[in-house]
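Engineer: These protein sequence lines are chains A and B, in that order. Going by my numbering, the first sequence opens with residue 1, and the numbers climb by one from there. Going by my numbering, the second sequence opens with residue 1, and the numbers climb by one from there.
In short, the hints are calculated from the structure, not lab data. Careful, some of the hints might be misleading.
[Claimed, not checked] Each computed SDA-like pair below joins lysine to any residue, with the alpha-carbon atoms no more than 25 Å apart:
#1 A/115 <-> A/74
#2 A/124 <-> B/196
#3 A/115 <-> B/156
#4 B/179 <-> A/492
#5 B/179 <-> A/134
#6 A/346 <-> B/117
#7 A/254 <-> A/492
#8 A/124 <-> B/179
#9 B/179 <-> A/390
#10 B/156 <-> B/16
#11 A/115 <-> A/162
#12 A/115 <-> B/116
#13 A/48 <-> A/22
#14 A/104 <-> B/179
#15 A/48 <-> B/194
#16 A/379 <-> A/366
#17 A/104 <-> B/194
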Amino acid sequence: MTTAFSLEGISKRFGEVTALDNVSLSLVEGEVLGLIGQNGSGKSTIMKVMAGLHRPDSGLIKVGGRVVQLRSPLEAASAGIGMVHQEQSLITSLTVAENLFLDKPATSTRMGVYKWGDLRDRAKHQLDKVELDIDPFTPVSELSFGQRQMVELAKVLSLEELVQGHLVILFDEPTAVLNPPEIDALFSQIRRIKHRSSVVFVSHRMDEILTISDRVYVMSDGRNVATRDKANVNVDELYELMVGKQRVNRQDRKPREAHLGDQPALTLKNVTVPGEIEGISLTLAPGEILGLIGVQGSGAETILRTIFGMADEWTGNIEYFGKPLTIDSPAEAVHKGIGYLPAERKTEGMIRNTSVSENVAITYGWQHGRGGGMISRAKERGLIEGWVKKLAIKTPSISHRIDNLSGGNQQKVVLSKWLFGKTLKVLMLDHPTRGLDPGARSDLFAVIRELADQGLAILLVADTLDEVLNMADSIIVMKDGRVSARIEGVQAAPPSEEELVKAMV
Amino acid sequence: MSKRLQSLGPLLALLVLVLLFSAFTANFASLPNLAAVLEAAAIPAIVAVGLTFVLMQASIDLSVEGVASLANVLLSITVANSVTATDIGLWAIPLVIGVGLVIGATSALVSIYVRMPSLIVTLGMWLTTVGFAALLFPGRLPQILETRITSLAIDKHFGLSSVVYLTLLLIVVAVLVEKHTRFGRMSRAIGENEPVLIMSGIRVNRHKVAAFALAGGCYALAGILLGARIGVGNTQSGVGLLFPSIAACVLGGTLLSGGHGGVRQSMIGVLILITLRNGLIQIGVDPLLQSALEGAVIIVAVAGSTWHLRRKIRVIK
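Only chain A is shown next, with the shape it has when bound in the complex (with noise of 0.2 Å):
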């Protein structure tokens, strides 16, 4: 039992957040180690730190016991070091052959001329350690989801001819686009593979983690709060410590009480977006908070951008007050009262370099005006100088440009623009709170909830267990694109941080 790989008093910052704190972990030879934890525990910030991608701030990197620096993901496979992405790294438009060996040294090129024959030989030999039976001369484009991540693992295992001595093999969630059979294929490979290398893989399904790993290592709020070896695992002991500081004070726990409207504001029937989610169906009342949570890629926000209008293809039923909604835009679905928060702010909710005022006048601002299409800048002034008071933002002066804000503000301002308008109905909030310090946070709750007891009908899409405990009326927990529990009256009866974990992962 010689240790293979360990990484020892890991920190690693982003700003103000902290994604990594004095974390350590160590790989014995020839074991696959499970790696779970919920979205932002620091999981996949610990992947991109051993495979190079990322440096860290302080800490020891060591192989095989020495200690080493991993500055690119080149550094890393020459260190034998190698990351299974999911199907990102691969060019469609080459070859199988071609991205088997586009990050090694040896092209099989003479002159700048591609020796054919010599890359189909060793093509070949790499997909037969994976049973992969394709032409290695298949361009990716042509291949299945599955048949793509076999290459991505070749693609990887192809150190073993470059580099002398142990491997470490990174899979960072290579069962999400993968079918059951592909998932056992995949499982056959990486219990060959121990021979020669030690293995971590990442995955938000407790299952699969259970099945393959003989170590568990849990992380929450950026460090490890446990390592756990296969014989003693304690499934339960695993949520509970997946939950981490994501739990509700229940004594300090004031209840919301929801007045609610009797037509429903939304009612989705069996809304099915190709890939992405399948089946959705619920309703939304006027006041009613409805949370939906699930880890990442499990479909929440593909809903919400489904109802706002910009999904490509969709199927199945969406009711706006009891009428057919046929939106084919987030214009469409501005005009009839629907708004959309979203959760990439500075991309898509906010307009930089332009003030307060002018992005919360953008979208609604003619609603105030003269009429005929002439904006009201006096009267919008006014109303904007409202909204900045109400919701306590905090800017010198509405004129003020919105970079300048901090992240609660900038928030609550693109919160603004959607309050603006005379006519909305149904606001939708994709991760409201990403990036917001907690006092941040807990304004903007405050404001949220006061617009549900206006009558808004609000969707929430959660980043954290407590926000929908306190928040939501009723919870719709997601996984894998499909409803997996669906908890009403919240606000009386709280379910438990854990069985939320359960039917997420």
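Using the hints, position chain B against chain A.
Structural biologist: Below, chain B alone, put in the same frame as chain A:
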């Protein structure tokens, strides 16, 4: 299957055009006219070959008219001519092509190291080379007296001039480069996903410089062959090359967004464009209406070929 159909679209369009014009005009399908189509297609094809590698990498090069004019003037004053006394004979050809290569490489280096979009750099290079052509121009139109050059356009073998044969040779070489060299393969990959290549340790910048240099060399060759054809050095000789060559590449399926198409596709694009021009003349369409029709056909063809790439939230500028 539908994918195959998509890539065959431009070829089908070409066949339809040829059949239509053959059916509705007496002259189109005649051997002399088909030879005229090939002669007219030759120089745009040379330009399009160079441009294809640049476009596949998702860059663009607008400098062709300036570079070709400069090449043409430089050729005319360095071979035996009616104005200047210099005469370096056929050495003028490697000299001029070398100048083209250097200009192209310069565009790429500026774009890479000053971090400017190739659109702006080559727009500037276009005007710069036009200026150099004017500076070199000796005042009176230099007639090219070097018969080994003018004969390239005049002497015919099997009804076609050497210009056409040279173009065919260049196309064959370019297709081989595209298919079998690291440079050719990586060019398309750069257009599709440059970040992955950078992370894989590919020397992306070298391939970019090579593509622009190759393009500059092709424009210079076009300038030389223009000189052979018109027999003089003229600062305006390259004018009119930019639009048909870019349009031809895009028509054939080499999209401006990079990662698609190739030399063969671009050549089909050139043939579509030249066939359309020739056919419209044969039908007797008003020359003024002709360019309007050409423009409309290009828009329709490109809309058709990129239909499958539409996305709602994809912003197009």
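Engineer: Does each hint hold? Answer for all of them.
Structural biologist: Here is what the structure says about each hint:
1. A/115 <-> A/74: OK: residue 115 of chain A and residue 74 of chain A at ~24 Å, within 25 Å.
2. A/124 <-> B/196: Given that 25 Å is the threshold and the Cα spacing comes to 23 Å, the pair holds.
3. A/115 <-> B/156: violated, 39 Å
4. B/179 <-> A/492: violated, 67 Å
5. B/179 <-> A/134: holds, 21 Å
6. A/346 <-> B/117: Within the cut-off at roughly 24 Å; holds.
7. A/254 <-> A/492: Holds - the C-alpha atoms of residue 492 of chain A and residue 254 of chain A are around 10 Å apart, at most 25 Å.
8. A/124 <-> B/179: holds, 20 Å
9. B/179 <-> A/390: violated, 64 Å
10. B/156 <-> B/16: This hinted pair is violated, its Cα atoms lying about 29 Å apart.
11. A/115 <-> A/162: The hint holds at about 19 Å.
12. A/115 <-> B/116: Violated: residue 115 of chain A and residue 116 of chain B sit about 36 Å apart, past 25 Å.
13. A/48 <-> A/22: Roughly 16 Å between the alpha carbons, so the hint for residue 48 of chain A and residue 22 of chain A holds.
14. A/104 <-> B/179: holds, 20 Å
15. A/48 <-> B/194: Distance ~20 Å between residue 48 of chain A and residue 194 of chain B Cα, so the pair holds.
16. A/379 <-> A/366: holds, 11 Å
17. A/104 <-> B/194: holds, 17 Å
Taken one by one, the earlier hints fail for this structure at numbers 3, 4, 9, 10, 12, listed in ascending order.
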